[in-house]
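Top line first, the protein sequences correspond to chains A and B. Last residue of the first sequence? That's 290 in this note's numbering, and every number before it is there in order. Last residue of the second sequence? That's 591 in this note's numbering, and every number before it is there in order.
Source of the hints: derived by calculation from the structure; they are not laboratory data. Misleading hints may appear alongside valid ones.
[What the hints assert, rightly or not] Just a few of them, taken from the derived set where beta-carbon distance is under 10 Å, the chain A residues facing chain B:
(1) Ile110
(2) Leu117
(3) Leu162
(4) Trp196
(5) Ile220
(6) Gly246
(7) Thr270
(8) Asp279
[Claimed, not checked] Derived pair list, reagent style SDA-like, types lysine to any residue, alpha-carbon separation capped at 20 Å:
(9) Lys366/B with Ile15/A
(10) Lys443/B with Phe262/A
(11) Lys333/B with Leu302/B
(12) Lys443/B with Pro45/A
(13) Lys443/B with Ala126/A
(14) Lys354/B with Val568/B
(15) Lys366/B with Thr385/B
(16) Lys354/B with Cys304/B
(17) Lys443/B with Leu261/A
(18) Lys7/A with Lys366/B
(19) Lys354/B with Leu336/B
(20) Lys443/B with Lys7/A
(21) Lys496/B with Ile517/B
(22) Lys443/B with Pro44/A
(23) Lys7/A with Val345/B
(24) Lys7/A with Cys304/B
All values reported here derive from a predicted model rather than from experimental measurement. Don't be surprised by glycine CBs; every beta carbon is placed ideally from N, CA and C.
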Amino acid sequence: MIHQLPKMARIPAIILCGIILSVLLGPFLFPHAYELPGEQTYTPPSLVHLCGTDLNGRDLLLRILQGGRISLLVGICGAGISLIIGTSYGLIAGSSSRSVDNTMMRFVDILYSVPRLIFILIFINAFNERLQLAASNYGWDWLVGSSRLVILILSLGIIEWLTMARIVRGQTLTLSERSYVAAARVLGEGYWTILWRHLLPNLAGIILVYLTLAIPSVIIDEAFLSFLGLGVQAPQSSWGSLLAEGASSINPLKGAWWMILFPSLALLTTLLALYSLGDALRRSISAKNS
Amino acid sequence: MLRRLASLPVVLFCVVTITFFLVRLSPGGPFDSERKLPKEIEKQLLAKYKLDGPVLAQYTGYLKDLLHGDLRLSTKYRNRSVNEIMAQTLPVTLTLGATALLIAVTTGVWLGAFAAARPRTPAEGAALAMTLLAISLPSFVLGPILILVFSIKLSWLPVGGWGSLLQLILPAVTLAIPYAAVIARLLHDSLRETLAEDFIRTARAKGLSEGAVVYRHALRVAILPVISYLGPLAANLLTGSIVVETIFHIPGAGGFFVNSILNRDGFLLGGVVIVYCVLLVIFNLLVDLSYRLLDRRIMEQ
Numbered sequence: 001m002i003h004q005l006p007k008m009a010r011i012p013a014i015i016l017c018g019i020i021l022s023v024l025l026g027p028f029l030f031p032h033a034y035e036l037p038g039e040q041t042y043t044p045p046s047l048v049h050l051c052g053t054d055l056n057g058r059d060l061l062l063r064i065l066q067g068g069r070i071s072l073l074v075g076i077c078g079a080g081i082s083l084i085i086g087t088s089y090g091l092i093a094g095s096s097s098r099s100v101d102n103t104m105m106r107f108v109d110i111l112y113s114v115p116r117l118i119f120i121l122i123f124i125n126a127f128n129e130r131l132q133l134a135a136s137n138y139g140w141d142w143l144v145g146s147s148r149l150v151i152l153i154l155s156l157g158i159i160e161w162l163t164m165a166r167i168v169r170g171q172t173l174t175l176s177e178r179s180y181v182a183a184a185r186v187l188g189e190g191y192w193t194i195l196w197r198h199l200l201p202n203l204a205g206i207i208l209v210y211l212t213l214a215i216p217s218v219i220i221d222e223a224f225l226s227f228l229g230l231g232v233q234a235p236q237s238s239w240g241s242l243l244a245e246g247a248s249s250i251n252p253l254k255g256a257w258w259m260i261l262f263p264s265l266a267l268l269t270t271l272l273a274l275y276s277l278g279d280a281l282r283r284s285i286s287a288k289n290s
Numbered sequence: 291m292l293r294r295l296a297s298l299p300v301v302l303f304c305v306v307t308i309t310f311f312l313v314r315l316s317p318g319g320p321f322d323s324e325r326k327l328p329k330e331i332e333k334q335l336l337a338k339y340k341l342d343g344p345v346l347a348q349y350t351g352y353l354k355d356l357l358h359g360d361l362r363l364s365t366k367y368r369n370r371s372v373n374e375i376m377a378q379t380l381p382v383t384l385t386l387g388a389t390a391l392l393i394a395v396t397t398g399v400w401l402g403a404f405a406a407a408r409p410r411t412p413a414e415g416a417a418l419a420m421t422l423l424a425i426s427l428p429s430f431v432l433g434p435i436l437i438l439v440f441s442i443k444l445s446w447l448p449v450g451g452w453g454s455l456l457q458l459i460l461p462a463v464t465l466a467i468p469y470a471a472v473i474a475r476l477l478h479d480s481l482r483e484t485l486a487e488d489f490i491r492t493a494r495a496k497g498l499s500e501g502a503v504v505y506r507h508a509l510r511v512a513i514l515p516v517i518s519y520l521g522p523l524a525a526n527l528l529t530g531s532i533v534v535e536t537i538f539h540i541p542g543a544g545g546f547f548v549n550s551i552l553n554r555d556g557f558l559l560g561g562v563v564i565v566y567c568v569l570l571v572i573f574n575l576l577v578d579l580s581y582r583l584l585d586r587r588i589m590e591q
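Chain A with its partners taken away, still in its complex shape (with noise of 0.2 Å):
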């Protein structure tokens, strides 16, 4: 499969691959004492913790690896809903009449410039109690402790769709010229037919590749609210609410520098590996374009 990508693609790819197994078996590989609290608070990398231990003794490697599950875990779910929505959008703007794309791309551009996470924060804020006691009257058990990741995962997807749904309504345009949709049209081929059969198939590679952007966009945004403190909560951590924990650690006085330096190694690398594939996947095909 590495094969097939375009040669920029394969590094980051292969990366990426590495940060996903890790972060779904490394955890397993840890003595159970590792995950507890400890005496020994704070100490410097080691032959023992690679990484360091934080303020209660936990091993940082295994923290973050931990951490890594629900920062992935967040920003491939929103990047999926927003993906939903972002196409959804775009294919309806991109397909309907003049007027009607007209004001709901008009629409997308003024969301673009109001400040979206503010609002999310509040929205977050409404509904974590709300739906942690409607899971609990529902009986829902897996629901009433992860309510506030489950809420963080759908606002963040409702916020981030508007580029997905800018480029998804520009290829529909072109596409709708194409001879092939033309031909479909005459045949008497009805409109949401067209929307699924014709143009959808062909949109599916540029999906990808902004798929493929969205996911650390949504990363980002998650790392935002726990850093915080208004994402991800205790005992889940993020790498967000790590980078959260690190920065109040270092101070002229104790500078445990590797509770910044690991977390944000983490997230750097994940970040360059997914913007690097996706720029690499978007050259391509516009090279493949013109």
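Given chain A, put chain B in place with the hints provided.
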């Protein structure tokens, strides 16, 4: 243009309505966290902060107060009005945001033009790789690292705080770097496209130097996507400044915003959001106007 101007009150009305009902939907009132208050006092408090009566009447009352420029009282910082708090904190946030905007645009444009003027060279590759790295460095990663290096290890710059020019450098740079990279990539792509056009070939054929071609002719056209990005950029900078203010302990509006969520301080929360949105809508209008002016001038030429 007039249509845009007309859409301004509509957007603001939506913003106010959404904010009001989201805040009201949050469970628990602003006085819940304290000791259980006697009924009488609670009633008085609710009346003082205009939180009594049916929700719809509260909403219309709030709208009326807003039209008079009154953002009401903060329920947490007793006896201080939201207007007062905003008047103290907003200049701080705006100074930080404007400095970051300036840094982002100047470095971004410079780096983008630098890369685009050297197609298929190692310099272009290095510049583009650098921008990818910078985009992957959100402020909450970059900020603590910059503090660690420049404040704690090297002691060149203060760890945080507000007031002197030195204290402005690290937060503004932290806020600006990812967006400088976005602008650089945007400008690079649009410059490469512009440089392939006919009028550039004419300019080259006239014997103009490469520098004159890029900076005097191509840049004017290629800058347009950067200008239309300024609106979203301002929104991102205002949002981003919330984190940067937290990291560098800057007494701006962002910190009050986070606290107001935690304290269920509805009117302060609403005040920050509404003021931010008013600023952004006006800024976008100005950007739109300058885009049209520039675009028309280019068309005329």
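Results for each hint:
{"no.": "1", "hint": "Ile110", "verdict": "holds, 6 Å"}
{"no.": "2", "hint": "Leu117", "verdict": "holds, 5 Å"}
{"no.": "3", "hint": "Leu162", "verdict": "holds, 9 Å"}
{"no.": "4", "hint": "Trp196", "verdict": "violated, 32 Å"}
{"no.": "5", "hint": "Ile220", "verdict": "holds, 5 Å"}
{"no.": "6", "hint": "Gly246", "verdict": "holds, 6 Å"}
{"no.": "7", "hint": "Thr270", "verdict": "holds, 8 Å"}
{"no.": "8", "hint": "Asp279", "verdict": "holds, 7 Å"}
{"no.": "9", "hint": "Lys366/B with Ile15/A", "verdict": "violated, 48 Å"}
{"no.": "10", "hint": "Lys443/B with Phe262/A", "verdict": "holds, 18 Å"}
{"no.": "11", "hint": "Lys333/B with Leu302/B", "verdict": "violated, 31 Å"}
{"no.": "12", "hint": "Lys443/B with Pro45/A", "verdict": "holds, 18 Å"}
{"no.": "13", "hint": "Lys443/B with Ala126/A", "verdict": "violated, 42 Å"}
{"no.": "14", "hint": "Lys354/B with Val568/B", "verdict": "holds, 17 Å"}
{"no.": "15", "hint": "Lys366/B with Thr385/B", "verdict": "violated, 26 Å"}
{"no.": "16", "hint": "Lys354/B with Cys304/B", "verdict": "holds, 15 Å"}
{"no.": "17", "hint": "Lys443/B with Leu261/A", "verdict": "holds, 14 Å"}
{"no.": "18", "hint": "Lys7/A with Lys366/B", "verdict": "violated, 57 Å"}
{"no.": "19", "hint": "Lys354/B with Leu336/B", "verdict": "holds, 18 Å"}
{"no.": "20", "hint": "Lys443/B with Lys7/A", "verdict": "violated, 40 Å"}
{"no.": "21", "hint": "Lys496/B with Ile517/B", "verdict": "violated, 29 Å"}
{"no.": "22", "hint": "Lys443/B with Pro44/A", "verdict": "holds, 17 Å"}
{"no.": "23", "hint": "Lys7/A with Val345/B", "verdict": "violated, 60 Å"}
{"no.": "24", "hint": "Lys7/A with Cys304/B", "verdict": "violated, 47 Å"}
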